[in-house]
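Peer 1: Using the sequences and the hints given, assemble the complete structure.
Line by line, the protein sequences are chains A and B. Using the numbering used here, the first residue of the first sequence is number 1, and each one after it goes up by one. Using the numbering used here, the first residue of the second sequence is number 1, and each one after it goes up by one.
Careful: at least some of the hints might be erroneous.
[What the hints assert, rightly or not] With a Cα cut of at most 25 Å, we get these calculated SDA-like pairs of lysine to any residue:
no., chain 1, residue 1, chain 2, residue 2
1, B, K129, A, G132
2, B, K149, B, L11
3, B, K129, B, A155
4, B, K129, B, A206
5, B, K149, B, F15
6, B, K129, A, D134
7, B, K129, A, Q137
8, B, K129, A, A82
9, B, K129, B, R151
10, B, K149, B, S95
11, B, K129, A, D128
12, B, K149, B, Q55
13, B, K129, A, R45
14, B, K149, B, Q10
15, B, K149, B, Q41
16, B, K129, A, E136
17, B, K129, A, L142
18, B, K129, A, D83
19, B, K129, A, M85
20, B, K129, B, Q55
21, B, K129, B, A147
By construction, these hints were calculated from the structure, which means they are not laboratory data.
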Amino acid sequence: MQLWGRVVAHADGGQVAIEHVVEVMISAAGVDAAAVAVVLDASPRETIYASDQVASHVEELTLTLGEGPSVDAFADGPELVADLMDADCLTRWPVFAPAATRAGVRAVFALPLRIGAIRLGVLDLYRDQPGGLDQEQLSDVLVLADTVGALLLDEAERDRLRPDGLWPEHAGAQHPVVHQATGMVIVQLGVTAAVALIRLRAHAYVHDRRLRDVAADVVARRLRFDPEDSPRLL
Amino acid sequence: MNVSEMAPVQLADVFVEMADTLVDDFDVIDFLHVLAERCVQLLGVSAAGLLLTDQQGALQVVAASSERTRLLELFQLQTDQGPCVDCFRTGQPVSVTDLPSAGRWPRFTAAAADVGFAAVHALPMRLRKEVIGALNLFDTNPGALDADKIRIGQAVADVATIGLLQQRAIHRRDLVTEQLQTALNSRVLIEQAKGVLAERLHVDVAEAFTILRGGARSHNRRLSDLAQAIVDGTEQFLPPTASRPR
Numbered sequence: 001m002q003l004w005g006r007v008v009a010h011a012d013g014g015q016v017a018i019e020h021v022v023e024v025m026i027s028a029a030g031v032d033a034a035a036v037a038v039v040l041d042a043s044p045r046e047t048i049y050a051s052d053q054v055a056s057h058v059e060e061l062t063l064t065l066g067e068g069p070s071v072d073a074f075a076d077g078p079e080l081v082a083d084l085m086d087a088d089c090l091t092r093w094p095v096f097a098p099a100a101t102r103a104g105v106r107a108v109f110a111l112p113l114r115i116g117a118i119r120l121g122v123l124d125l126y127r128d129q130p131g132g133l134d135q136e137q138l139s140d141v142l143v144l145a146d147t148v149g150a151l152l153l154d155e156a157e158r159d160r161l162r163p164d165g166l167w168p169e170h171a172g173a174q175h176p177v178v179h180q181a182t183g184m185v186i187v188q189l190g191v192t193a194a195v196a197l198i199r200l201r202a203h204a205y206v207h208d209r210r211l212r213d214v215a216a217d218v219v220a221r222r223l224r225f226d227p228e229d230s231p232r233l234l
Numbered sequence: 001m002n003v004s005e006m007a008p009v010q011l012a013d014v015f016v017e018m019a020d021t022l023v024d025d026f027d028v029i030d031f032l033h034v035l036a037e038r039c040v041q042l043l044g045v046s047a048a049g050l051l052l053t054d055q056q057g058a059l060q061v062v063a064a065s066s067e068r069t070r071l072l073e074l075f076q077l078q079t080d081q082g083p084c085v086d087c088f089r090t091g092q093p094v095s096v097t098d099l100p101s102a103g104r105w106p107r108f109t110a111a112a113a114d115v116g117f118a119a120v121h122a123l124p125m126r127l128r129k130e131v132i133g134a135l136n137l138f139d140t141n142p143g144a145l146d147a148d149k150i151r152i153g154q155a156v157a158d159v160a161t162i163g164l165l166q167q168r169a170i171h172r173r174d175l176v177t178e179q180l181q182t183a184l185n186s187r188v189l190i191e192q193a194k195g196v197l198a199e200r201l202h203v204d205v206a207e208a209f210t211i212l213r214g215g216a217r218s219h220n221r222r223l224s225d226l227a228q229a230i231v232d233g234t235e236q237f238l239p240p241t242a243s244r245p246r
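Peer 2: This is the structure in structure tokens:
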């Protein structure tokens with residue numbers, strides 16, 4: 001896939017990391033800057049990547065003010081804001097909107113990194129000029145945001161996962177059986193949804209199987225994850 | 001009995017039910033499920049499902065008249081081929097009155113035959129010039145849907161579109177994307193909750209959905225809110241009949 005080829009090129013022979021995906025995203029979306037903030041349980045959001053000073057500053061504003069598209073995106077879903085100076089935006093984010101504008105940002109596209117109940121964080125794209133994303137930019141951005149989510153999940157198993165050159169299995173738009181299996185593994189292992197999905201992905205990877213096939217085994221109760229030891233076939 | 005004799009009363013009832021539902025903060029996923037179920041009743045088809053674009057060019061099932069696993073898989077097969085894909089791409093209804101003899105979409109046709117379906121219809125969910133998904137109807141008997149039924153089906157598809165997008169005034173395409181992404185994520189959330197309940201209550205995932213939905217209704221909670229609480233573990237959710245110590 002062409003997008004992935006660009007990501008791998010950015011990684012320059014090394015392991016693909018979030019910054020490589022985000023760099024491709026910035027050019028595909030025609031924006032100036034981007035940042036990834038991770039929000040874990042009750043802890044405050046933490047910016048794990050910012051492409052430049054502006055992105056870093058606006059992330060700081062979001063954290064300090066506790067408002068803005070990124071905050072709403074984490075709670076409710078994507079916020080595609082073509083112009084922060086719109087009256088609507090000034091009403092919704094009375095402190096953030098003018099402050100971000102002063103920092104040189106006019107358009108913000110905030111995408112939650114989530115898979116159903118699993119909320120990993122938010123990916124924010126920033127541009128100094130107002131204007132939306134076209135259909136192609138939007139679809140590139142959504143697929144790459146999904147990849148960022150997959151990389152975040154796989155970081156937990158980084159040593160075993162993802163040698164170079166492979167597109168990580170999608171995190172979001174997936175076969176329903178993957179999400180059903182996630183739910184079952186939550187109960188089998190007594191873990192969070194994120195950990196359950198990580199375990200499923202790791203199992204698929206280690207056994208060189210498709211995630212959906214492993215998931216189908218779990219849902220059909222042919223495969224069970226046991227907290228005491230590794231998954232066993234029934 | 002043909003449609004003109006039987007359907008008007010029922011149809012009016014369905015639209016009143018829908019209008020009642022479309023208040024602030026309604027449960028969009030439950031609403032779409034009800035629509036899928038009413039489609040089956042109104043049109044006399046065997047199954048109905050609603051598929052939405054994930055904006056990456058693929059269709060994802062968001063609600064169905066039944067949560068039978070094989071039915072869901074049939075909808076899901078249409079991420080890349082099938083009548084819904086054609087309907088979505090062209091914005092035009094697609095009707096196949098006899099799947100095997102049509103000789104289109106080999107994988108989809110085989111899967112539909114496995115479930116026992118002979119005829120399939122897809123109606124576009126349109127918002128002005130944009131197509132955001134499709135209403136998919138299946139019938140075990142081959143044959144066409146008459147013009148009245150097609151009209152009713154299209155009206156239901158339009159209501160689904162309105163319901164999906166009405167939570168905010170939709171005047172920009174960006175907002176449509178935001179709404180679609182949110183609806184699709186709710187569906188993922190519900191699948192996860194189905195898994196939790198299936199494992200905890202020792203039922204299959206289709207039954208888990210029935211329990212989840214019953215729970216949401218009897219406690220007057222939104223399906224997606226209850227699903228989130230179940231997946232997060234903040235809600236144990238043991239229905240009385242299935243209660244047992246953990």
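Peer 1: It remains to establish, for every hint, whether it holds in the given structure.
Peer 2: Comparing the hints with the structure gives:
no.: 1; hint: K129(B) / G132(A); verdict: holds (18 Å)
no.: 2; hint: K149(B) / L11(B); verdict: holds (11 Å)
no.: 3; hint: K129(B) / A155(B); verdict: holds (17 Å)
no.: 4; hint: K129(B) / A206(B); verdict: violated (36 Å)
no.: 5; hint: K149(B) / F15(B); verdict: holds (15 Å)
no.: 6; hint: K129(B) / D134(A); verdict: holds (15 Å)
no.: 7; hint: K129(B) / Q137(A); verdict: holds (19 Å)
no.: 8; hint: K129(B) / A82(A); verdict: holds (21 Å)
no.: 9; hint: K129(B) / R151(B); verdict: holds (19 Å)
no.: 10; hint: K149(B) / S95(B); verdict: holds (12 Å)
no.: 11; hint: K129(B) / D128(A); verdict: violated (30 Å)
no.: 12; hint: K149(B) / Q55(B); verdict: violated (29 Å)
no.: 13; hint: K129(B) / R45(A); verdict: violated (39 Å)
no.: 14; hint: K149(B) / Q10(B); verdict: holds (13 Å)
no.: 15; hint: K149(B) / Q41(B); verdict: holds (11 Å)
no.: 16; hint: K129(B) / E136(A); verdict: holds (17 Å)
no.: 17; hint: K129(B) / L142(A); verdict: holds (22 Å)
no.: 18; hint: K129(B) / D83(A); verdict: holds (24 Å)
no.: 19; hint: K129(B) / M85(A); verdict: violated (28 Å)
no.: 20; hint: K129(B) / Q55(B); verdict: holds (15 Å)
no.: 21; hint: K129(B) / A147(B); verdict: holds (23 Å)
When held up to the earlier numbered hints, the structure conflicts with 4, 11, 12, 13 and 19 and fits the remainder.
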